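K.L.:
This is what each chain is made of:
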Amino acid sequence: MNVYTISPNELILITGASGFIGTRVVAHLVSLGFRNIRCFVRPSSRPDRIAQLRQRSGSDVNIEVIEGNLLSRDDCRRAAAGAKVVYHLAAGTGGKSFPEAVMNSVVTTRNLLDAIVGAQNIRRIVNVSSFTVYTNSNKRAGAVLDESCPIEDHPQDRGDAYCYGKVKQDELVERYGKEHNIPYVIVRPGYVYGPGKQAISGRVGIDTFGCFLHMGGSNTIPFTYVENCAEAIVLSGLRPGIDGQVFNIVDDELPSSRQFLRLYKKRVHRFRSYYVPHFLSYGLCWAWEAYSRRSQGQLPLAFNRKRWYVDWKSTTYSNQKLKQLVGWVPRVSLSDGLKQYFDGCKAGGSNA
Amino acid sequence: MLRVAIIGCGKIADAHAAEIQRIDGSKIVAVCDSEPLMAMQLADRFEVPHQFGNAHSLLEEVKPDVVHITTPPESHLSLAMECIEAGANVYVEKPFTLNFADAGLLLQAATRKGVKVTVGHDDQFRHVARRMRDVVATGYLGTPVHMEGFYCYNLDDPVYAKALLGDNKHWVRRLPGKLLHNLISHGVARIAEFLTGDAQEVIAHGFVSPFLRSIGETDIIDELRVIVNQGDELTAYFTFSSQMRPSMREFRIYGTKNGLFMDPDHETLIKLPGSRFKSYAETFIPPLQFARQYWSNVRTNFRTFLRSDLHMKAGMKFLIESFYRSITDGTPVPIPYREILLTAKLMDSIFAQLAEAQKLRVAESDLVCV
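As you go down the protein sequences, you meet chains A and B in turn.
The opening position of the first sequence corresponds to residue 264 in our numbering, with each subsequent residue numbered one higher.
The opening position of the second sequence corresponds to residue -15 in our numbering, with each subsequent residue numbered one higher.
Derived by calculation from the structure, the hints in this document are not laboratory data.
The structure presented is a predicted model; accordingly, all values stated were derived computationally and were not measured.
Each hint can be trusted.
Distance condition first, Cα-Cα at most 25 Å in a straight line; then the derived SDA-like pairs of lysine to any residue: (1) A:Lys460 with A:His291; (2) A:Lys359 with B:Asp140; (3) A:Lys359 with B:His154; (4) B:Lys153 with A:Arg340; (5) B:Lys343 with B:Leu148; (6) B:Lys11 with A:Gly560; (7) A:Lys460 with B:Gly150; (8) B:Lys11 with A:Tyr554; (9) A:Lys359 with B:Arg6; (10) A:Lys359 with B:Ser292; (11) B:Lys153 with A:Arg336; (12) B:Lys11 with A:Gln561.
FRET-style restraints, in silico, Cβ to Cβ: (13) A:Ile329 with B:Arg96: 47 to 57 Å; (14) B:Gly9 with A:Cys474: 42 to 52 Å; (15) A:Pro446 with B:Val346: 49 to 59 Å; (16) B:Ala336 with A:Arg340: 36 to 46 Å.
Which bits of chain A does chain B cover? Going by a derived footprint, with three or more residues having C-beta under 8 Å, they are: (17) 302 to 308; (18) 362 to 373; (19) 554 to 563.
C-beta atoms are modelled at their ideal positions from N, C-alpha and C, and glycine is treated no differently.
Could you build the full structure based on these sequences and the hints that come with them?
P.N.:
Given below as structure tokens:
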């Protein structure tokens, strides 16, 4: 399946190229033989990461770095000029702020899409979204979450700015795809882990009020190791015949929350955690949501049933579509991935 | 029903929209932002029926009773003037305008047109600030003698600080007082509230913190110390710091009889009695009295929480409600225009001194280079 939409010398743009996933996407493109890569990075990002990649790449590989801000249409035009494939990884977490999330995920994406429309030479844009956009509220416990799963229809009620931004970003990409005939692919990674990331997924539990509440229990956690994820993203931009498709990215071997936490404590550091059974966590989310509404937001809507469904309801995950249409296989096994991740956590300080 | 519009759909507009929705007798009828996606998101989340890309269309088509201006400060004057000319009452987010002269123009225009204006100094209307005002009104202080205000801001804030420090074109950098201009008005306004005259001597010293210098930032002053003197009768110290911990916003006011200590972060108000106990009693009784006062604050805050009124932006709701009441019932505006002008004047004076000092530093470094 080594047939790609572009030849090795054609220009590839990566936004968010110096980020946790972005650097791996660049490295993977280089390893596949692509020699003309443009990295779009914020002025405040870490230039050393791209510099290291440049050093490791051969002299025949051109890794161009453009510093800028996707909120600037001029910067977007500069970035998109001549690019045949665009990997759009840059996004804002927004913290708790919805306007920040929209500004840094939706407005930036619109600017980039407008620049792409203007450039008129694009073969594909790969929009990197997230599992967070899905809802599984109407599925039975343990059901499969795949690409056919519905998108959160009122993302503002999740109380999660990132989710809202990503839902609106995906809608925008699909609209531009239809209205301007931009070939696109949307990829939605699960929880991306690997060295360089310290956090424990909220699907496992939350570190709050001075203790760690283990919420996941026996739930499967939709992990994808950062190298595996980067390869899936890269291939989604290169495989012909998949325009307009959405792909979920999760690895094959997925641990349960309990298994992961046990390993984390053993390999990184020990800490006390308290398991919260699902019926109790659902009840607490329901009560928090009810109080938040009754008190008109005296407590923010941080915990609610919509969040419980996506984060803590028992769910299984599928990567069949990605494997069948893109030809991706996760190369790094769970045990190797976790070893790298735990070593990274140990070196950089743990998070619990 | 007051028909309300919001111009500027960024982060602070969220707080405005949330608080307006909690006020009976008001309804957000339109939002406006030059970036349509930002207007869309606010309208979407707060179920606002109309959205616009410019103020002119909004004012013409919707004719709101009140407009909240929550754009970056550079546009406050022109937008507020347009709203006033259209006959709308205006709530302008802080800082009110870029300088004292603009503040004067805006307030004159409002008075001429017969509409009302207020500024987003909502920190002065949080529960504890109102409690302090009530105590001062009883004459507890005697005649005010001295004030000490702290207004700290932790630059570890991942969203704001990262956006500002990582962007050389950030709008905050274009303000006359840069970072300070966007942040100190709450603290300065708190002092201005208790200043009675118009003539104040201001001595300001500002510098770039070692932390910012260490990351190559030389333009943003994030440490400020100010002395205000009103006719050798009433003085104030004001401190802004991004580095000191705790990152606090305390305020102390001392009079000829007693003093008051207000800590807005902990919603705590403590009376500082001017009288003393005899001998060793001074070391035992006052601490017990302070403990009792702190416990009383805990109970007050808990009761407020149970009433579902301890929101993070409770001060903003109170200010907006008071402003709306001034429009519907003809009561006085919650923040006197004199206080808005005095705050602007003090800030002008501070920024002028910082700019002058900066010029001197540059000239000195040029001399060293020569």
